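*Asks:* Protein chains in written order, with this note's numbering: chain A, 68 to 422; chain B, 4 to 281; chain C, 574 to 857.
No lab work stands behind these hints, which were simulated from the structure alone.
It cannot be assumed that every hint is accurate.
Stated by the list, open to error - Residues from chain C shown here face chain A by an in silico Cβ test under 8 Å; the list is partial:
no., residue
1, 637
2, 798
3, 799
As the list claims (entries may be wrong) - Now the stretches of chain A that chain C is said to cover, found in silico as 3 or more residues with beta-carbon under 8 Å:
no., segment
4, 295-305
5, 403-413
Stated by the list, open to error - For each label pair, taking beta carbons as the anchor points, the in silico distance ranges come out as:
no., chain 1, residue 1, chain 2, residue 2, range
6, B, 6, C, 769, 17 to 25 Å
7, B, 252, A, 366, 44 to 52 Å
8, B, 178, C, 754, 31 to 39 Å
Predicted model only: the values in this text are computed from it and were never measured.
We put the beta carbon where it would ideally sit given N, CA and C, even for glycine.
What follows is each chain in one-letter form.
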Amino acid sequence: MTGPTRPPRRRPASVIAAGALAAGAFTGGWACGPPDPNELVVAVPPGRIADLETAFAPPFEAVHGVRIVPVGLRSADQAARVRVERGNPSLDVLWIDAGEAALLARENLLDPPTGNPLGGPGSVTLPNLAGVERGAWFSPGALPASFASTIGFLYNTDALPDPPRSWEALADPALANRLALFGFGSTLGPLTLAALSRLASGDERDADAGFAALARIRPNVRLFGASGPAANQLVAQGEAWLTLGLPSQARHLAAAGAPVGWIEPAEGALALPQGIQVPAGSPRAALAHAFADYMFSVQAQETAAGELLMAPARSDVRIPAGVPRPEDLLRFDMVALGRLRAEWADRFRAEVLPE
Amino acid sequence: MVAALRVLAALAYLVLLAAPLAVILYAFSPTAAFEIPPSGLSLRWFAALTDQPRLISGLVTSLWLGFGAAAAALACGIPAALALSRGSLPGRNIVLAVLLSPLSLPGLVLGLGILTTASAFAAAGGPALVGTFLPLGAAHLLITIPWVTRSVAASLESAAPELEEQARSLGAGPLTTLFLVTLPTARPGIVAGAVSAFVISFGNFALSLFLASGRTVTLPVAIFEAVDRYQDPTVAAISTVTILVTAAAAVVADRFAGVMQLRGPARRRERGRAGSAP
Amino acid sequence: MGRVRRGPGPLLLLPALAVVALVAAVPVGLLVRTALFAPGAFAELSGETSLASFAALFEGPFPAVARRTVRLALLTTAATVVLGYPVAVLLSRARGGWRSFQTLLVVSPLLMSTVVRAYGWTLVLGSQGVLGGFLENLGLPRAGLLHTEAAVLLALTESFLPFMILALAASLDRIEPAVIEAARSLGASPGQTFLRVALPLSVPGLVAGGSFVFVGSLSAYATPALLGGSEVRTWVREIQELVMIRFDWPTAAAASLALLLVAALLLALGAALSHRRSARAFGQ
Chain A
68 MTGPTRPPRR RPASVIAAGA LAAGAFTGGW ACGPPDPNEL VVAVPPGRIA
118 DLETAFAPPF EAVHGVRIVP VGLRSADQAA RVRVERGNPS LDVLWIDAGE
168 AALLARENLL DPPTGNPLGG PGSVTLPNLA GVERGAWFSP GALPASFAST
218 IGFLYNTDAL PDPPRSWEAL ADPALANRLA LFGFGSTLGP LTLAALSRLA
268 SGDERDADAG FAALARIRPN VRLFGASGPA ANQLVAQGEA WLTLGLPSQA
318 RHLAAAGAPV GWIEPAEGAL ALPQGIQVPA GSPRAALAHA FADYMFSVQA
368 QETAAGELLM APARSDVRIP AGVPRPEDLL RFDMVALGRL RAEWADRFRA
418 EVLPE
Chain B
4 MVAALRVLAA LAYLVLLAAP LAVILYAFSP TAAFEIPPSG LSLRWFAALT
54 DQPRLISGLV TSLWLGFGAA AAALACGIPA ALALSRGSLP GRNIVLAVLL
104 SPLSLPGLVL GLGILTTASA FAAAGGPALV GTFLPLGAAH LLITIPWVTR
154 SVAASLESAA PELEEQARSL GAGPLTTLFL VTLPTARPGI VAGAVSAFVI
204 SFGNFALSLF LASGRTVTLP VAIFEAVDRY QDPTVAAIST VTILVTAAAA
254 VVADRFAGVM QLRGPARRRE RGRAGSAP
Chain C
574 MGRVRRGPGP LLLLPALAVV ALVAAVPVGL LVRTALFAPG AFAELSGETS
624 LASFAALFEG PFPAVARRTV RLALLTTAAT VVLGYPVAVL LSRARGGWRS
674 FQTLLVVSPL LMSTVVRAYG WTLVLGSQGV LGGFLENLGL PRAGLLHTEA
724 AVLLALTESF LPFMILALAA SLDRIEPAVI EAARSLGASP GQTFLRVALP
774 LSVPGLVAGG SFVFVGSLSA YATPALLGGS EVRTWVREIQ ELVMIRFDWP
824 TAAAASLALL LVAALLLALG AALSHRRSAR AFGQ
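Please construct the entire structure, taking both the sequences and the accompanying hints into account.
*Replies:* Here's what the structure looks like:
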């Protein structure tokens, strides 16, 4: 029995010792360090990190002598974190969709601004809010939307040299099984339904009209996805021919050589209002409010319109050519949509995607 | 029989490698369009990686997290496997199920649960843990320990315990037996568990997402961010680089320590002789 | 094997159990508490206690989703055994650098993020991708497998095959060549040798690998979400929707606990099976 014992001598012992050491370092070593008072943790949709870092953060960091630390989280994930950490958030500032923000405001999880034309109590006064258009306010208890991105038709130029130009045209039988739309796992799901309801009946809350319109489009729908990027990829590959997407992403795909184009539908592109909110109880509240105020300044608003091609919240900034004007967008009552969301999700599940 | 074995193995490799190979091919595509056969080859997406510091730092973070989690999981998992497979432990199967069942908790649920715990801890006056590596590391440890425990336990179960009894009867102490007989015997399971633990931690997304802060951006999170912004082959390029870097690290480790060889050739022959001796 | 051997003691379990207790026990406790509130959006804030969230799992679309998920997990487990066993046998017979290379080849797909691999599958399985082009070359119409249960099954099999192979190879490696040679020299055919000797001895590896694959595919989220389209709904996709969209946290907690229970039962069963089989194998 001496043969097998020779070669492995000491190696297992050293491996175990190294493992124990690593276990200690692993659990203990990284715990050190309290939150840095000179850091501002900003939750931001993953695809917008670069915008925050390059367009918005540098001027603010230079003035306040702090560092902005972005955390990439989709709006729904941000909202889940704020709910779980109720009143004791690890995120100082949110860059979040208005729909999720309206729900958080209803649960008193956001710092409410004063002077909200939609009413409700306010505790935080931000000077720059005086210059914000009334249409940007969407909910009591929440800051107005800092800006709105525009959702239009992102399509495959090889398959659709002459793309559908209206929401109505999405029911064209030539598109059979070629649309990539969104279910309620995406912010765009409820917005699509609201748009169809509004166009069919004039009222985005009239879901009967919206579901009837959706039923006409249904044979063309390849899938109701949850991920915008995945839908864009399907269109770039030619698996799907059309989805709802951002002009900036269409432009990037086209520049990278993919057969992708974007048009604004005749009835208007969807406004996806979004922007800065401050969760209640932020440990760096003063700095967070300063950042929120900065995002409504003329400087930041011009950056949003000029560099990010988003519809601004102020009317006194230049809007470059090619960016839809706020009044041309399909805008919805985000509070009503938030209230209806769970009900619509159940109905969507039962009528559109029966098991 | 051997032919059938080969055919099935080839099919297995096809299933395993089809998707990764398509991604690697896409990484060299001259445009964002995927073409079969490719219209040309280009390195432009690899060059574009220099503009993506988060992807590069994410790769480094994930490698450290993966190695740390695997090492810590070995330290916790090997003793547990010994307790479970040597001697008669009452309720052994239940203990094993308790250790393994957290694997079935969806990352979303576990992530939110750990976040709730850390948040309550901070609300009760404790230090703020969210944003540090502690909850993330602990969560990764939780999901890697089962892989080590189960693999090592399986290895110990497959091995004849008689070998250890013989060692003991020849006068070896318990520790000597452990290090010179039992653990070498379990080596295939230890290696399999360590490799599994590493890749599980390396690839975990959901936990990293919910426990993420600005300082703890892992590679899967950075990839998610990159995909969310632009859908071009940049992500395919970083994935290709990841495989190359990790493979190079594995080859180096293999050269020096033989970690990938579940059992080295020299020792195999010796143990073969030892096994036939009794 | 009938006599009781003195073991190294339950103290060795302490580190692993401590991690489970510290990290998982509180979240699971929270799940139990949340599940006991009445189901519905934001219901946990109202504080009304009931068992209705568990009852909600037996109505509506949930039973069908649960059945599909379990079926997918069983099929994935079966597929990984059938495909993984031959690779594990070849792997455990390989030597030196060739063996390292094979191990690396088997593990390498896992170094690619799940999201990226799912994208790879859309390139492979799409009607405009490899599969569609292949069919066109055969003179058939372009067709694809995207957004079907088959696509999810294929991708899940890919994701878990490496773990099954590693577990099986580790177990097969413990089988001494001498044992196989002895069986052969006693006149057993290769088939008999496999069925009577190698297979029973590899049961622990089979159960260990099977446990991981089954539990892992049962609780998979990204792969079904990215490749299953809107039709292939699974247990965790359902939980995700309950949490994120319908805000029905009590029902989501009940669904998570049910998943945990199903997994724990199967794991305990597997552990018992594996322990007894190996005990019997060595007892002979």
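*Asks:* Against the structure shown, which of the earlier numbered hints fail to hold, in ascending order?
*Replies:* none
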